[in-house]
Amino acid sequence: GDSVTQMEGPVTLSEEAFLTINCTYTATGYPSLFWYVQYPGEGLQLLLKATKADDKGSNKGFEATYRKETTSFHLEKGSVQVSDSAVYFCALSRFSGYNKLIFGAGTRLAVHP
Amino acid sequence: DSGVTQTPKHLITATGQRVTLRCSPRSGDLSVYWYQQSLDQGLQFLIHYYNGEERAKGNILERFSAQQFPDLHSELNLSSLELGDSALYFCASSVMASGGAYDTQYFGPGTRLTVL
Numbered sequence: 001g002d003s004v005t006q007m008e009g010p011v012t013l014s015e016e017a018f019l020t021i022n023c024t025y026t027a028t029g030y031p032s033l034f035w036y037v038q039y040p041g042e043g044l045q046l047l048l049k050a051t052k053a054d055d056k057g058s059n060k061g062f063e064a065t066y067r068k069e070t071t072s073f074h075l076e077k078g079s080v081q082v083s084d085s086a087v088y089f090c091a092l093s094r095f096s097g098y099n100k101l102i103f104g105a106g107t108r109l110a111v112h113p
Numbered sequence: 114d115s116g117v118t119q120t121p122k123h124l125i126t127a128t129g130q131r132v133t134l135r136c137s138p139r140s141g142d143l144s145v146y147w148y149q150q151s152l153d154q155g156l157q158f159l160i161h162y163y164n165g166e167e168r169a170k171g172n173i174l175e176r177f178s179a180q181q182f183p184d185l186h187s188e189l190n191l192s193s194l195e196l197g198d199s200a201l202y203f204c205a206s207s208v209m210a211s212g213g214a215y216d217t218q219y220f221g222p223g224t225r226l227t228v229l
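Taken in order, these protein sequences are the chains called A and B.
Just so you know, this note's numbering puts 88 at position 88 of the first sequence, and the rest follows in order with no gaps.
Just so you know, this note's numbering puts 191 at position 78 of the second sequence, and the rest follows in order with no gaps.
The reader is advised that the hints may include incorrect statements.
Unchecked claim - Residues from chain A shown here face chain B by an in silico Cβ test under 8 Å; the list is partial: (1) G43; (2) L46; (3) N99; (4) F103; (5) A105.
As the list claims (entries may be wrong) - Quick list of in silico lysine-lysine cross-link-like pairs, DSSO-like style, CA-CA up to 30 Å: (6) B:K170 x A:K52; (7) A:K68 x A:K52; (8) A:K68 x B:K170; (9) A:K56 x A:K68.
None of these hints come from the bench; they were simulated from the model.
Remember, it's a predicted structure, so these values are computed and weren't measured experimentally.
Even for Gly, the Cβ is constructed at its ideal location relative to N, Cα and C.
One chain only, chain B, in its complex shape (with noise of 0.2 Å):
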């Protein structure tokens, strides 16, 4: 058990449907980070927020929108779906905000997301 923890495990939806996964990080982590694993496209990063604040995009569409609250929970928002959209999200927690390899990053297990 990392302590990264993520709701909810599963979610089946249907095209043009919204919707929001949610993350808790380990205590004491300030950055959160996301990661979208497809069979097509592999894990891919999304975005990272440190201690509420935007710090970096990765490949993140323009439909999908993230945020980190005063508790340092992160909610990762998915609008207009798409079949494509089908992947399974992880968010991971880091202490740092820059810390590179001196700051591991703890995975949840992920929300399996099935667009149909």
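This is chain A alone, in the form it adopts within the complex (with noise of 0.2 Å):
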């Protein structure tokens, strides 16, 4: 069945280090791939999306690229912050009718001063 890899955690950074998390992905067809962040105490709120190969998401600074060679979606930043300190989640869906998300187990990121 469809499933996400993620690398594990915790990544442990300085501010203004160069972040890059791991995804990699199993599925037939061609998903969409996401990235979701859960900062402590919260829901899950979408960070950026890609739908098609080669597709590039971004949003905040964060930027992960479809490669559907690789199955990979790896999430990076260019210069962390205190404040990115959290968990980052992948996900795919596919379009088969329905919108279920199918999570990575999520690595945390603790950026530190």
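Bring the two chains, given one by one in their own frames, into a single complex with the hints.
The following block contains the structure:
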């Protein structure tokens, strides 16, 4: 079945460091890919998405490119801030008549001043 | 604030009991989804309702049931609770029934259920 694999955390960085969180997926057809972020004590928020191969999603300095050849959707940010500390979830959705999201395990990011 | 509300925020109960979690979707959204977030299973899709009708079921136990009412709010009923049901339960809403990536799901803050 469909699945998403994320790099295990926690990821600990200093402020202004470069961030990469790896995400790979297994799915038939052409899924859509998402990154959601969960700040402490809050629900999930959509960070960015991509709907087809080679699409780049971007938001708040974060970027991810849909790579079909490597079945990947890695999240990157050039310079992280303390306020980026959160749990990041990679997810996919197949357009199969309903909107079920399949999530990875989540990666906790801690950014220190 | 996503516009999705969930009550209660926290719920502590005993094994064998029954609880009801409530979700109000964003104004204008017709779809409601329920997800369970636990330490061992991660985030899992439970069930999807669109405009009062069940559209899809995921890994939802038979002890769990849900419904969506005419005013579009939804309730998730959990019965014969076990220790392993302790988790964070999220509700999400979206506009369409099956819009895929073109229909963003907005998540509520969740209800934390603790079964003692």
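Which numbered hints turn out to be false for this structure?
The structure conflicts with no hint, since it agrees with every one listed earlier.
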